[in-house]
Every structure is written in structure tokens, then in C-alpha cells.
Amino acid sequence: SQQGEEDPQALSIQEGENATMNCSYKTSINNLQWYRQNSGRGLVHLILIRSNEREKHSGRLRVTLDTSKKSSSLLITASRAADTASYFCATDRGNTGGFKTIFGAGTRLFVKA
Amino acid sequence: DTGVSQNPRHKITKRGQNVTFRCDPISEHNRLYWYRQTLGQGPEFLTYFQNEAQLEKSRLLSDRFSAERPKGSFSTLEIQRTEQGDSAMYLCASSKDRSSYNEQFFGPGTRLTVL
Chain A
1 SQQGEEDPQA LSIQEGENAT MNCSYKTSIN NLQWYRQNSG RGLVHLILIR SNEREKHSGR
61 LRVTLDTSKK SSSLLITASR AADTASYFCA TDRGNTGGFK TIFGAGTRLF VKA
Chain B
1 DTGVSQNPRH KITKRGQNVT FRCDPISEHN RLYWYRQTLG QGPEFLTYFQ NEAQLEKSRL
61 LSDRFSAERP KGSFSTLEIQ RTEQGDSAMY LCASSKDRSS YNEQFFGPGT RLTVL
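The listed protein sequences correspond, in order, to chains A and B. Mapping of the first sequence onto the numbering used here: position 21 corresponds to residue 21, and the numbering continues sequentially without gaps. Mapping of the second sequence onto the numbering used here: position 14 corresponds to residue 14, and the numbering continues sequentially without gaps.
Rather than coming from a laboratory, the hints here were simulated on the basis of the structure. Note that the coordinates shown come from a computational prediction; the quantities given were computed from them, not determined experimentally. Just so you know, not all the hints are guaranteed correct.
[What the hints assert, rightly or not] Partial selection, computed: residues in chain A whose CB lies under 7 Å from chain B: (1) 48; (2) 53; (3) 99; (4) 110.
[Said to hold, decoys possible] Pairwise CB distance ranges, derived in the manner of DEER restraints: (5) 28(A) - 53(B): 42 to 52 Å; (6) 115(B) - 20(A): 35 to 45 Å; (7) 77(A) - 40(B): 36 to 46 Å; (8) 16(A) - 80(B): 47 to 57 Å; (9) 70(B) - 59(A): 19 to 29 Å; (10) 51(B) - 27(A): 36 to 46 Å; (11) 115(B) - 77(A): 19 to 29 Å; (12) 26(B) - 61(A): 34 to 44 Å; (13) 15(B) - 15(A): 43 to 53 Å; (14) 60(B) - 28(A): 36 to 46 Å.
[As the list claims (entries may be wrong)] Over the 12 Å line for every Cβ pair with chain A, so calculated as not near, a few chain B residues: (15) 13; (16) 17; (17) 31; (18) 66; (19) 76; (20) 80; (21) 85; (22) 87.
Beta carbons: idealized from backbone N, C-alpha and C, even for Gly.
The whole structure should be built from the sequences, with the hints applied where relevant.
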């Protein structure tokens, strides 16, 4: 079964609004990553947060990690129509637990222009 | 372009036939991953290599699936006696192994249709 579970499964917002997606996982992790997949295109890495980090920013992206709750959130601020895509969280256990990477089922974001 | 490449991009085959896919990772990347993705789902881990060593293999992989990376560069994924349930997008990704970071770069995928 998939380790990461995102919610909501789908999200529809207006351009300019913020979008928040959540991810929960089951076992201890080394890294948690977020990826984006546009319709018909490949997966693109967005941001990585390590287990000893709590928050990370990259441009309009903000990721938080709460290891006590085994959860992460991805915030996209000032969304654009081009942000329309599926977003996946992915976890691995790193050097000690191995780099087998488990993806969630994803959140489908639709940004209306 | 020195990204991850996969061939073929599309494969249509009849049930029972064998198929082989190829992945060429980014040249300095030592880790190589194979995933399977079906419509509406996230990528499902199949296996990964560090150089030529296959370090982990999903229990989802039946005996009909085999992957190789003989010289630590390109990799092949073979599916024997294909079944309709094997229809999916097969994704390859690579990453560097010189740190505990595991940012993966994905190829465009091979879409398999089993008739």
C-alpha cells in the first residue's frame, strides 16, 4: 500500500488564491519530497524537506513537516493557472532504511483563470 | 539535453508477449528507480539500483518482472508473459548517491498497453 496519503484528493481554486495540500505517512522517514505532474508530462521535483527540518520555502512554495504527526503540508501562494497539476508527496528512509521511495495518490489541483 | 530518457515511449503488445523497456539515467547519477503508474494514482515503486546492484525490489513485482543495470549506466525492465493488468505507464528516475538527499529526476515514461 502507498505510504503517503494526500488530501484533499482534488482542489479547485481561483487564480491568485492560495492552495494547501496535506500529506500523511506511516513510518519514520529521512526525507519527504513534493513532486508535480502536469497532464501528459513527467514528474518534476519541487522541494525536499529532511526529517530534522520543520519548514522550508522555495519561491511560492512553503512546505512544513511535523514528524510527531507524520504529516506534511504544501502551500502554493498566489496560484496561477499554470499550477494546475497533480501534486504528490514521496518519502524514503535514507541511508539507514534505504531509498525505496513511496508516493501518495496525489492531490489534483485545478486553478481557474 | 542530459535528462533521463526512456524508450520506447509507447508500446502496444498482445497478452502473453514479452516486452522490454530501456532507461538512460542522467550520466553522473548512480541511483536508478523504476515505478509503475496507473491512471489517477501516484507512482508505485518497483525497484531501485545503486550502480549495478539491485538494492530493493517491491513485493508487487511478480516473477514475470525483471530489471537489470549491467554496467551501472542504463537499465532495462522486462515483463514476461504480459497480462492486461500490466497496462500502465512505466517511469524511470535517477538520483545522485553522494548524499542522503534523494531528489529524483524522472523520464517521460513508457506507456504500455496490453491487448
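Determine which of the earlier numbered hints do not hold for this structure and return their numbers in increasing order. Result: hints 2, 4, 5, 7, 9, 10, 11, 12, 14, 17 break, sorted rising.
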